[in-house]
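Trainee: Now for the letters of each chain:
There are 4 protein chains.
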Amino acid sequence: MIVTDSLLTSFLKTRSDTEEICAPLETEDYVIQPIVDVSPPKWHLGHTTWFFEEFILSKYDTNYKRFHPEYAYVFNSYYESVGKRVIRTNRGNLSRPTVSQVYQYRDYVTSHLQAFLEENFDEKINELVEIGIHHEKQHQELLLTDIKFILGNNPLFPKYNETFTENPESNQSNQYVTIQEGIYEIGYQGNDFCYDNELGVHRVLLEEYAICNELVSNKEYLDFINDGGYNDSLLWHAEAWDWIKNDNIQAPLYWHLIDGQYYQYTLQGLKALKLNTSVTHISYYEAFAFAQWKGQRLPTEFEWEVAQHQFKWGSRWEWTESAYLPYPNYKKAPGALGEYNGKFMVNQKVLRGGSVATSQDHTRSTYRNFFHPNLRWQFTGLRLVKNI
Amino acid sequence: MIVTDSLLTSFLKTRSDTEEICAPLETEDYVIQPIVDVSPPKWHLGHTTWFFEEFILSKYDTNYKRFHPEYAYVFNSYYESVGKRVIRTNRGNLSRPTVSQVYQYRDYVTSHLQAFLEENFDEKINELVEIGIHHEKQHQELLLTDIKFILGNNPLFPKYNETFTENPESNQSNQYVTIQEGIYEIGYQGNDFCYDNELGVHRVLLEEYAICNELVSNKEYLDFINDGGYNDSLLWHAEAWDWIKNDNIQAPLYWHLIDGQYYQYTLQGLKALKLNTSVTHISYYEAFAFAQWKGQRLPTEFEWEVAQHQFKWGSRWEWTESAYLPYPNYKKAPGALGEYNGKFMVNQKVLRGGSVATSQDHTRSTYRNFFHPNLRWQFTGLRLVKNI
Amino acid sequence: MIVTDSLLTSFLKTRSDTEEICAPLETEDYVIQPIVDVSPPKWHLGHTTWFFEEFILSKYDTNYKRFHPEYAYVFNSYYESVGKRVIRTNRGNLSRPTVSQVYQYRDYVTSHLQAFLEENFDEKINELVEIGIHHEKQHQELLLTDIKFILGNNPLFPKYNETFTENPESNQSNQYVTIQEGIYEIGYQGNDFCYDNELGVHRVLLEEYAICNELVSNKEYLDFINDGGYNDSLLWHAEAWDWIKNDNIQAPLYWHLIDGQYYQYTLQGLKALKLNTSVTHISYYEAFAFAQWKGQRLPTEFEWEVAQHQFKWGSRWEWTESAYLPYPNYKKAPGALGEYNGKFMVNQKVLRGGSVATSQDHTRSTYRNFFHPNLRWQFTGLRLVKNI
Amino acid sequence: MIVTDSLLTSFLKTRSDTEEICAPLETEDYVIQPIVDVSPPKWHLGHTTWFFEEFILSKYDTNYKRFHPEYAYVFNSYYESVGKRVIRTNRGNLSRPTVSQVYQYRDYVTSHLQAFLEENFDEKINELVEIGIHHEKQHQELLLTDIKFILGNNPLFPKYNETFTENPESNQSNQYVTIQEGIYEIGYQGNDFCYDNELGVHRVLLEEYAICNELVSNKEYLDFINDGGYNDSLLWHAEAWDWIKNDNIQAPLYWHLIDGQYYQYTLQGLKALKLNTSVTHISYYEAFAFAQWKGQRLPTEFEWEVAQHQFKWGSRWEWTESAYLPYPNYKKAPGALGEYNGKFMVNQKVLRGGSVATSQDHTRSTYRNFFHPNLRWQFTGLRLVKNI
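Protein chains in written order, with our numbering: chain A, 41 to 428; chain B, 41 to 428; chain C, 41 to 428; chain D, 41 to 428.
Next comes chain A alone, as it looks inside the complex (with noise of 0.2 Å):
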């Protein structure tokens, strides 16, 4: 049973941590789409808005009156059983509303939830609030991710702040854990709140492999380059070597040759790259051209889960082999909240463990997150598996 006293706190914790990532910005800042991928950071604040008022006031709370009878159009992501919406690529062309006006929709709702939850008990509704909280903390990774991109693709390179830190240093003393030939069981057992995707706990049987404890590093990834990784067609997938030589890729995102020196965008501002710091901003086929240049190769999904306990883990979502599927048992939700998961489980591939721009208790070790192969905007990173 949900109990709603730390429902409601943690509901409004999460709605002003998520205010609390934008505080650094400035208005400009909040409307543009420099990529189809990166949505304007004021459409998160008003996407996760929408999603309580859409599925819980406007349905549960007979009183309620939507703050704007067209949010619901602009604010609407990609649920296709819930009426028409913006198509994704046209989110930045919108200034209106302002991102004043999005602030109050938010304290609008905020306070119609907080009224409600507080005078009505129920269950169902309480489950929807929970999802809805797991919702936008979803949305503060991509509102931080999206934020560096805005800001790094800007040939000003603006900080975001002084303070964040995305790149810990690291010793470096690369061990490989053996993991012993067995059955595993996979998937999320626990009490608290998972998605559609981590449930259908199953069986794996597994033979034995060995896992490195950390991460590649910026050092061992500029090794590949100097060697030549990038020129090199046997080490990629052939959609990865059409990648690279239409986009002209030549290194992982945010990093900039200046005379001869590699300097890397931060969210601190732009920086001379630090070597002794995981790698990060690459896609799945970076991740996989490396590996097949180290001779070794990415975990899968449940590699990783299994091993997950022997080292450290959480700075960056971490590539696997895995293609994002059903698991065995999958079950998607009924109606509109069966879009969630289940109509993205094809041609993207699973990230396990969370990253740097990660909401704390947003992630597990069953966590299962999912981005197409080319895409790089995330802290994603790359640990390494033998065979034996």
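Keep in mind that the hints are not guaranteed to be accurate.
Since the list gives no way to pick out one identical chain from another, each pair is judged satisfied if it fits inside one copy or across any two copies.
Calculated pairs, BS3-like style, for lysine-lysine (alpha carbon to alpha carbon, straight line, at most 25 Å) [as the list claims (entries may be wrong)]:
| no. | residue 1 | residue 2 |
| --- | --- | --- |
| 1 | Lys99 | Lys372 |
| 2 | Lys352 | Lys314 |
| 3 | Lys372 | Lys285 |
No lab work stands behind these hints, which were simulated from the structure alone.
From a predicted model like this one, the values you see are computed outputs, not experimental measurements.
Here the structure of chain A is known, so what remains is to put chains B, C and D in place on it, guided by the hints.
Mentor: Same frame as chain A, but now just chains B, C and D:
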């Protein structure tokens, strides 16, 4: 000889007029670029400023220090010979510099140029300032029409203000004025400013024609729509037909058919269509198809220039049948300023007249505006001609 | 050890089978490439020949003189490491070499390789010949389906011949076979030829499931259409939904709705839709949506492989839910031949079984075919699985 | 009055000339469409035949039975008002009807029309036949240049034949002929056939100019290249500059730089560049940039028409500065034949003269050809004009 005093007055007036146009905007409205042809307002503010900095201050004021080393890159528009530049499609991807910084940039350049002009008299520099003033006046027009697009393309249809009248009433008593066959002089012959594309006065031989004293009205255009004008391929150019099919064009830009009634987005918001006003926001393709349907034709730019004292003009840019080509003795300016007009003299049609968005004193009877034949976001209109 | 005699027989048989497939064609049919996935038949004829020339004759037969110095450029498919090549989208832009010259090229290479094999026994070379034979058999399948597309995409609907039966009747008494939970071995364990992607025999743990002994029929698929299957977004992946909307997909490929009746283009021409035969020419997206509609699912490739001796298969390639990934111990061949399979192991789905277009003896129960999830020009089909 | 006898002779001669042009082709050459502007030769053969069938036989010969009910769909080019058609980009996707069937179609229509004309005298029909003859002559020119592209775009560089001379030697003693200021008559005034776009004889006033008696030679054009002409943005239109950058244009079409030496693909195969012949296969953009570089300009079509008796012309279509626009009194034909010229009068430039590919007696001094400014596959050339 250009007198510095009145030049300075004109300069300062132009600078403040530009800012006046932006006064009703929210910060967010300054930032976006919903289609490639529409630039963000803050880009116009910066670009017109950069023009003075690049072509005058940085060249002639030896004490001048650029406001920011990267702004030349951000605010150059298309001067290939001046250096690299943000490509046009990316103008809406820049949240920085902020609107406030752009205004600081404006103030900085305005006051430096003012101080410089007050202390230095130089015919050449005054000429450049005059070009800069007219350049900025051209952008004022684009600024207003870009703002209209930014707001009118938004599903919330926000208004610009309560007062801007873009659709004056008209009596619509169409009369055709006959112009006799003869040899006429074309081009600018005054002593004030004009663009290089108006120069090279020359004679043309025109046969007799009759030109309407009124622009085509919304009412007449509605008749064309209701008669199936958009469905009769024989009225359209081949490229126009592809365009209306691909983009699903059924009416002028900003017309919305709601419950069987046409509405028109205006700077005062969405309004019921006003019949007795001149049609606007049509492409050359639509103007041509309408004239075909009427069994008449568009004037050439020469016919327009010769007849223009016979009718009122200035509320709509009027499409002509003329392609935008150099006059027989056209000479483009040397260096970067030579890129101003000449390099666009292909694949565009000439418009004559000016519009409700045109800055005071900016247009004249010899002024040649030009756009691609499919573009509609200017206040374009249409006047008919009959052969006799 | 590969015995040369039977290898030679197999080689010559394969070469002549390829030509047999093309026997009904007009010269013009050999040349065109209506979509990027479909190669011109003469390209298949040349490419399979080039494979033997490039990887065997030019490397091991010291007396061999290439038939034409430019053919390697023309007929290389995707071997990035072998040299430059005509890019795939341009295959249909080449009228030369002529069909007759390509047949001469075939004869030249066939006879040279025959002579070489008769005089030289070498295990390594025999292995390469065997790969070349299987490579050509793979292309036989593509050849027939590409021919079907070339003819079936033509508004005249020419027939291939009078006899090719692609739609055998079926009794359609659907029965579900239950497979017990257990650990099963996957991968090729025989001594004959197989591809590298089938190797690395390994065990998987499967939970209990029930698999249908019949493929889904046209009749069942028609029910799905008539029930609005193509209009219910909740049945489809997000990318699938975009695909059916953008490409206006309403039925399997080659189905034509004429006067309210469905027809189906077949190699024998346009025919009324046969209901009691298995549906074909559907994408993975459609297979998945159909299964969703039924409340069932597709098998994984492992479930299929384990169960396959329980039902008849071989007339339709069957879509599985499995992404095309390397087996745990996958090792790709060194050098150019390593480009054969491994580099395609992303963004594709596995198909199992083989089809009416598959060359005799070419498929087997461990064979892994793979295509992008939107492709339909193969004889694809669909078998359902239920969890228990 | 059109005399039937000579008309019939002309008709039969035109029909056989078309087939003569195709005589050197292989069947495969008839089928492909390497770029959208180039149609498959068999399409030209069928389309010119369909023109006679559609506009004459099916309308006026009451006994006529169409050769095939679907050929109107296959061979209609752009007549929107006549019915649906294979869209232009798909012409190369049709292997059927075969070349042999198309020749049968030709014979069928030729003999039916011959029989019909022999038995029926009708002024109106004779006019239509005359249009059909000229229509076919126009296609003869396209046929040859399309064939050149089909062969010249092939990496094997097959020759068309051994005799076609496309690059006659030239003395290249450039002289400028002065034309006095005056009023000149423009347009066709004879009694033979001409197109509607040449009619509406009218007067133009020309100022004095000097026009070169020779076309620009390969040698002169090579100087332009060697002087960095393709790298100086100030010489080019803005759209031209984008075009040469996007398509990596560095020289005329069919020029190949091999080991530091320029070669030129011709209908006789790949040959060393001949310097003392006129440059060809250049776009309007290149012609314009060359003239800018020379400090001269292109003639207008009126200047060309007035001066044309002063120099030799006919080997190269000559780009003019004129946009393709209707003459002042232009009237397009009613119905489908009105689609012949008028609907292309936007975004194209006029060419004058004719070329080595032009059918005998097809061009004349008033003939107006037109192409988009970036196209190069015709035998285009360039003549310079100086203001005085």
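Trainee: If a hint holds in the structure, say so; if it doesn't, say that too.
Mentor: Against the structure, the hints:
In this assembly of identical chains, the alpha carbons of Lys99 and Lys372 lie at most 25 Å apart only when taken from the same copy (21 Å versus 55 Å across copies). Proximity of Lys352 to Lys314 under the C-alpha cut-off of 25 Å is restricted to the intra-copy arrangement: shortest distance 20 Å within a copy versus 60 Å between copies. Taking the shortest alpha-carbon separations for Lys372 and Lys285, only the inter-copy value of 23 Å comes in at or below 25 Å, while the best intra-copy value is 39 Å.
Hint violations for this structure: none, all hints satisfied.
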